[in-house]
Amino acid sequence: MGSGITEDVILPTDEELTVQEVPLSGPALKAGAFHLGKACEFENNEFVLCREELKDPRACLNEGKALTSCALNFFRSVKKTCAGEFTQYVHCLDKSSPDQQFTPCRKTQAVFDKCMKDNLGIDRPPYDYFARAHVHKTERPRPPVEGPAVYEDATPGLPPDAPKPPAKYGNRYIWSW
Amino acid sequence: MATGAAEFKQEMPPPGGYKPIHYQRIPARQYFNGWTLFGGYVVMTAGAAYLYYLNCKVVQQEEIELRSASFAIYPMLLAEKDRAFLKQLRKNRDEETKLMANVEGWKTGTWYGEPIYNTMPKDKLLIPRAQEYYVHASFKDFTTRAYISLLS
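First to last, the protein sequences are chains A and B.
Residues in the first sequence are numbered consecutively from 1, following this note's numbering.
Residues in the second sequence are numbered consecutively from 178, following this note's numbering.
Bound-form chain A, shown alone (with noise of 0.2 Å):
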């Protein structure tokens, strides 16, 4: 016992943690992940930013409820429009390789990219898209960043005008040359 976890650190309430999670398992949220990603790519972003820049999950509530409910209203327009073809894109995932390779799936692949396309206009990004470096413009300001420590009592150094005369017996260093 002891983790550190006193009555003086504040923890939010459940209310305040309890949202709707996206109700998915892990092929489901593969075969969308490519245009989830270019749908959310704000809210990801912004989310990521903050856990990365403040290093806190209490800080980042409010980017993480967005991102949630964005992914929400994602899959929620996916299913309205694209059921069957995203049904069969996430089956073809399930069954046909043991971790979910995108290889064996392109024919139904194709089918969901076209449905998305045509209906909600999202094109699915080139496959390197997400593992790239991305700049992303946030209007939360940027966390003061902690210089080096300074103490009271470390050695003073010399004074920048100290007269620094060649060495004595040459060079020091013994294998240097």
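Since the hints were derived computationally from the structure, they do not count as laboratory data.
Certain hints may be false.
Under the rule of at most 30 Å between Cα atoms (straight-line distance), these lysine-lysine pairs were calculated in the DSBU-like manner [as the list claims (entries may be wrong)]: (1) B/K284 with B/K317; (2) A/K65 with B/K268; (3) A/K38 with B/K258; (4) A/K107 with A/K95.
Chain A is fixed; fit chain B onto it per the hints.
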């Protein structure tokens, strides 16, 4: 038997004598000389390397695609995980307070009022170790989570 003795005839070499014995090496017919073999090796290796390169490119593309898809859903999963994690932290803290309510001088999250770090801000959230996170759960639940990589 008697007639056999009368017709005896000594075997002799064929007329003109035996043929000379072949003792000289007869080498196999050479289709390629050494330089052609070197050249063939280079050509073969270069061709194989090119095919290997093509294959590698495809495999790499597939890997990148899978990784890219994982990156696309990672933020959503992280947001979900954060919420569940914070809920559990609150549960753990309440559980500890309840469990240690009768202990004299116990303060939740500290060792009898002595914090882990003295210079850390009070509100700083320290991410607990897995063992601490699961301290009020059953051991089986902990091992299930801790060794999940062995199951998949």
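Tested hints:
1. B/K284 with B/K317: The given pair, whose Cα atoms are some 28 Å apart, holds under the 30 Å limit.
2. A/K65 with B/K268: holds (21 Å)
3. A/K38 with B/K258: holds (21 Å)
4. A/K107 with A/K95: Holds: A/K107 and A/K95 sit about 14 Å apart, inside 30 Å.
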